[in-house]
Amino acid sequence: MVAPRIVRRVASLAPPALRRAAAGALTDLKSLPARMADPARRADPWAFIHNVGDGDFEAVGAQLLRNLKDHAGLTSTDQVLDIGCGNGRVAAQLAPFLASGGGYVGFDLSRAGIAACRRRFRQAPHLRFEHLDVWNGEYNANGKLAEDAVVFPTGDGSIDLAFATSVFTHMRLPAVRRYLGEAARVLKAGGRFAFTAFALEPGRDRSDVFDFQPFDATSKVIDHRYPERAIGHDRGVLDLAVAEAGLTLSGFWKGAWSPPADYDGGQDLFVASKP
0 MVAPRIVRRV ASLAPPALRR AAAGALTDLK SLPARMADPA RRADPWAFIH
50 NVGDGDFEAV GAQLLRNLKD HAGLTSTDQV LDIGCGNGRV AAQLAPFLAS
100 GGGYVGFDLS RAGIAACRRR FRQAPHLRFE HLDVWNGEYN ANGKLAEDAV
150 VFPTGDGSID LAFATSVFTH MRLPAVRRYL GEAARVLKAG GRFAFTAFAL
200 EPGRDRSDVF DFQPFDATSK VIDHRYPERA IGHDRGVLDL AVAEAGLTLS
250 GFWKGAWSPP ADYDGGQDLF VASKP
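Going by numbering that gives the first Met the number 0, the sequence shown runs without a break in its numbering and finishes at 274.
Source of the hints: derived by calculation from the structure; they are not laboratory data.
Computed from a predicted model, the values in this text were never measured in an experiment.
Incorrect hints may appear among the rest.
Each pair of labels, with its calculated beta carbon distance range [claimed, not checked]: (1) R224 <-> A98: 36 to 46 Å; (2) R224 <-> P95: 37 to 47 Å; (3) P173 <-> T247: 20 to 30 Å.
Glycine is no exception: its CB is placed at the ideal position from the N, C-alpha and C atoms.
Whole structure, please, built from the sequences with the hints as guidance.
Structural data, given as structure tokens:
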């Protein structure tokens with residue numbers, strides 16, 4: 000375990016954009032055999048341009064789709080909102096799944112990611128992609144829109160299922176509260192909101208990979224210079240924020256970031272519903 004820790008320590012010294020581009024290039028390198036073996040995979044986006052995390056583009060997208068079906072009740076006729084859609088790894092799975100009667104809106108702070116999605120899915124009229132120039136210390140340090148002032152690009156009561164995968168793990172608590180409130184606004188009655196987080200509890204507030212250190216009264220980070228690199232929030236505070244947004248927590252599953260896990264995801268999974 001010493002060598003990976005040293006590598007992570009050295010990588011942490013780089014600025015966010017350079018660090019994520021380098022990590023994305025390694026992900027791209029690992030994906031080359033699959034890209035070469037399957038011509039359909041050659042259109043997969045390159046992670047060094049917009050790195051949304053480790054893992055194979057298709058495999059991770061399929062896993063997230065499965066989790067939405069198994070834990071959030073996704074159906075083929077749902078109107079879906081993808082908060083932080085990145086380079087479209089879930090959209091690629093949802094495009095055929097929703098084609099017979101559903102709809103999809105995805106938004107992201109990455110202009111390059113949204114441009115890539117619009118090109119890739121230009122023949123899928125049931126999918127829409129929007130760019131919001133939201134500030135984030137890790138992903139968009141020059142963004143013009145404050146995270147706690149974001150308005151989701153869809154109307155009141157228009158969405159059956161909203162989800163935010165690996166979004167709240169890069170946001171401070173006031174921004175998380177804003178996004179929860181916006182999710183409540185856009186959901187239909189009975190609609191669901193699935194999101195992942197690092198939900199910190201006594202005895203479960205750090206791990207070998209995520210060495211969380213105190214940041215403020217309710218949150219911890221792995222890098223004080225770049226807090227948005229990875230942020231964990233107190234479980235009780237997250238539960239309260241869900242309730243204050245007018246949502247009812249209906250499910251919680253522990254992720255593998257701090258074993259043992261309750262499901263096959265890396266981060267903790269929350270599912271809330273709108274009464």
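Status of the hints after comparison with the structure:
Distance hint check: the CB atoms of R224 and A98 are about 44 Å apart, consistent with the given range 36 to 46 Å. The supplied range of 37 to 47 Å is met by R224 and P95, whose beta-carbon atoms lie about 42 Å from each other. The beta-carbon spacing between P173 and T247, approximately 22 Å, falls within the hinted interval of 20 to 30 Å.
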